[in-house]
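Student: Chain by chain, the residues:
There are 2 protein chains.
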Amino acid sequence: MTGFSVAKREIEFFVDFASTYSYLSVMRIGSLATAAGVSVRWRPFLLGPIFRELGWSTSPFLLQAAKGAYMWRDMERQCSKYGLAWRRPSEFPRNSLLAARVAIAGEGQPWIAAFIRRTMTANFVEDRDIGSPEVIAGLLREVGAAPNELLAAAASEPVKAGLRTQTDKARQRGIFGAPTFVVGAELYWGNDRLEDALADAAGRQ
Amino acid sequence: MTGFSVAKREIEFFVDFASTYSYLSVMRIGSLATAAGVSVRWRPFLLGPIFRELGWSTSPFLLQAAKGAYMWRDMERQCSKYGLAWRRPSEFPRNSLLAARVAIAGEGQPWIAAFIRRTMTANFVEDRDIGSPEVIAGLLREVGAAPNELLAAAASEPVKAGLRTQTDKARQRGIFGAPTFVVGAELYWGNDRLEDALADAAGRQ
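Going down the list, the protein sequences come from chains A and B.
First residue of the first sequence: 1, per this note's numbering; consecutive thereafter.
First residue of the second sequence: 1, per this note's numbering; consecutive thereafter.
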């Protein structure tokens with residue numbers, strides 16, 4: 001009966017738009033996933049509520065000065081290694097709530113991957129405030145989506161609840177940072193695990 | 001005058017014997033460093049005092065349950081990927097004070113790399129208590145070192161002070177976790193950065 005089986009080569013990508021290391025994976029995953037024959041399901045969520053449950057008021061990169069200083073230098077080196085543009089944002093972490101809601105509202109749309117990449121570039125290359133509706137409207141327009149419709153959807157109760165649910169699901173699955181890739185029941189945390197996660201997904205039927 | 005210049009292809013390896021990800025790098029670095037033409041300077045230190053300064057009473061893998069659960073699964077996968085033996089220790093984190101003091105006492109000795117590898121294997125493959133003087137004495141004997149002499153040295157004030165100084169230096173250099181590799185003024189944190197650190201060291205004169 002194998003002729004009827006459906007290949008399940010899929011990776012779930014839990015992404016927070018404020019997350020520096022998520023930027024690396026968002027920019028890298030397209031060509032790698034295509035080469036591996038794996039499809040990407042975008043799972044926008046918020047790390048903030050998960051951090052708050054640990055008693056943290058903000059990013060560990062702010063709460064731990066040495067770790068924060070290291071991260072900024074590491075991001076420079078990583079972007080150089082991967083050939084990615086990079087500018088340290090003047091505000092960190094940026095408010096990623098609006099971008100996440102828009103990504104929830106646009107789930108499954110043909111422009112969603114382009115929107116996620118474009119928004120990451122706005123934050124981490126162009127130093128723009130992705131918390132601003134004007135900025136997000138401009139990015140949506142650039143990727144061929146309808147800004148007014150999507151900003152209205154992002155402000156609607158079902159989309160707000162959808163993002164809360166996605167964040168709850170992330171926590172229930174044991175996710176504690178971003179990016180996190182999920183393949184079946186396996187979690188892969190961090191841009192450094194992207195290749196391993198794709199290899200796992202590519203090997204599944 | 002280049003004929004008189006001395007190649008400075010060196011990597012400093014800050015290692016805590018209780019650290020799971022340090023186990024991966026300890027077992028991997030020998031052949032990789034040789035292939036890169038880089039010499040390894042072992043820097044045994046303790047993460048405990050650095051964690052306590054952040055207000056943490058123990059390892060973040062215990063304080064954050066989701067991160068801890070992830071780490072144990074990730075270690076299984078990583079060991080499988082690298083072809084390394086692995087057994088989850090029945091006690092974590094093990095007390096690494098004695099092993100670190102012995103490694104300080106044995107700095108520069110011909111058996112030091114073998115002792116560090118052997119001690120990591122005792123902790124992370126054989127589930128033995130590396131905090132016990134009897135266990136450490138046996139490991140020292142196996143690598144051709146003199147147990148009585150080294151246990152006495154480990155209990156001496158200069159060696160105790162030497163470990164405190166090394167831990168202070170680690171903190172002053174911005175180290176916040178293990179393994180950390182230092183090449184010149186660059187820090188590389190985590191087993192995932194071992195190759196990058198070696199490439200950096202190999203490229204220096």
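Because the hints were derived from the structure by calculation, they are not lab data.
Source: prediction; values computed, not measured.
Ideal Cβ positions, reconstructed from N, Cα and C, are used throughout, including at glycine.
Don't take every hint at face value.
Claimed, not checked - Capping the alpha-carbon separation at 27 Å, the derived lysine-lysine pairs in BS3-like fashion look like this:
#1 A/K81 <-> A/K67
#2 A/K67 <-> B/K67
#3 B/K169 <-> B/K8
#4 A/K81 <-> B/K81
#5 A/K8 <-> B/K8
#6 B/K169 <-> A/K8
#7 A/K81 <-> B/K160
#8 B/K67 <-> B/K81
#9 A/K169 <-> A/K8
Said to hold, decoys possible - A short, non-exhaustive set of chain B residues, derived as facing chain A with CB atoms under 8 Å:
#10 G30
#11 A66
#12 K67
#13 Y70
#14 W72
#15 E76
#16 G174
#17 L187
Student: Holds or violated: A/K81 with B/K160, Cα cutoff 27 Å?
Tutor: violated, 40 Å
Student: Quick check on the hint: B/A66 CB to chain A CB, less than 8 Å?
Tutor: Holds. Min distance 4 Å.
Student: Taking the least C-beta to C-beta distance, is B/K67 closer than 8 Å to chain A?
Tutor: holds, 5 Å
Student: Does B/L187 pass the interface check with chain A, least Cβ-Cβ distance below 8 Å?
Tutor: holds, 6 Å
Student: Per the CB criterion, is B/E76 less than 8 Å away from chain A?
Tutor: This interface hint is violated because 11 Å lies over the 8 Å limit.
Student: Once the shortest beta carbon distance from B/W72 to chain A is found, is it less than 8 Å?
Tutor: Hint on B/W72: violated, closest Cβ of chain A at ~11 Å, above 8 Å.
Student: Has the given pair, B/K169 with B/K8, been kept, meaning a C-alpha gap of at most 27 Å?
Tutor: holds, 21 Å
Student: Does the structure keep A/K81 and B/K81 at a Cα separation of 27 Å or less?
Tutor: Holds. A/K81 to B/K81 sits at ~23 Å (cutoff 27 Å).
Student: If you draw a straight line from the CA of A/K169 to the CA of A/K8, is it 27 Å or shorter?
Tutor: holds, 21 Å
Student: Sort out whether A/K8 lies within 27 Å of B/K169, counting only the CA atoms.
Tutor: Violated, because 50 Å separates the two Cα atoms, which is more than 27 Å.
Student: Answer holds if the nearest beta-carbon of chain A is closer than 8 Å to that of B/G30; otherwise answer violated.
Tutor: With Cβ-Cβ at 22 Å, over 8 Å, it is violated.
Student: Straight-line Cα separation of A/K67 and B/K67 no greater than 27 Å?
Tutor: holds, 17 Å
Of the numbered hints listed earlier, those contradicted by the structure are 5, 6, 7, 10, 14 and 15.
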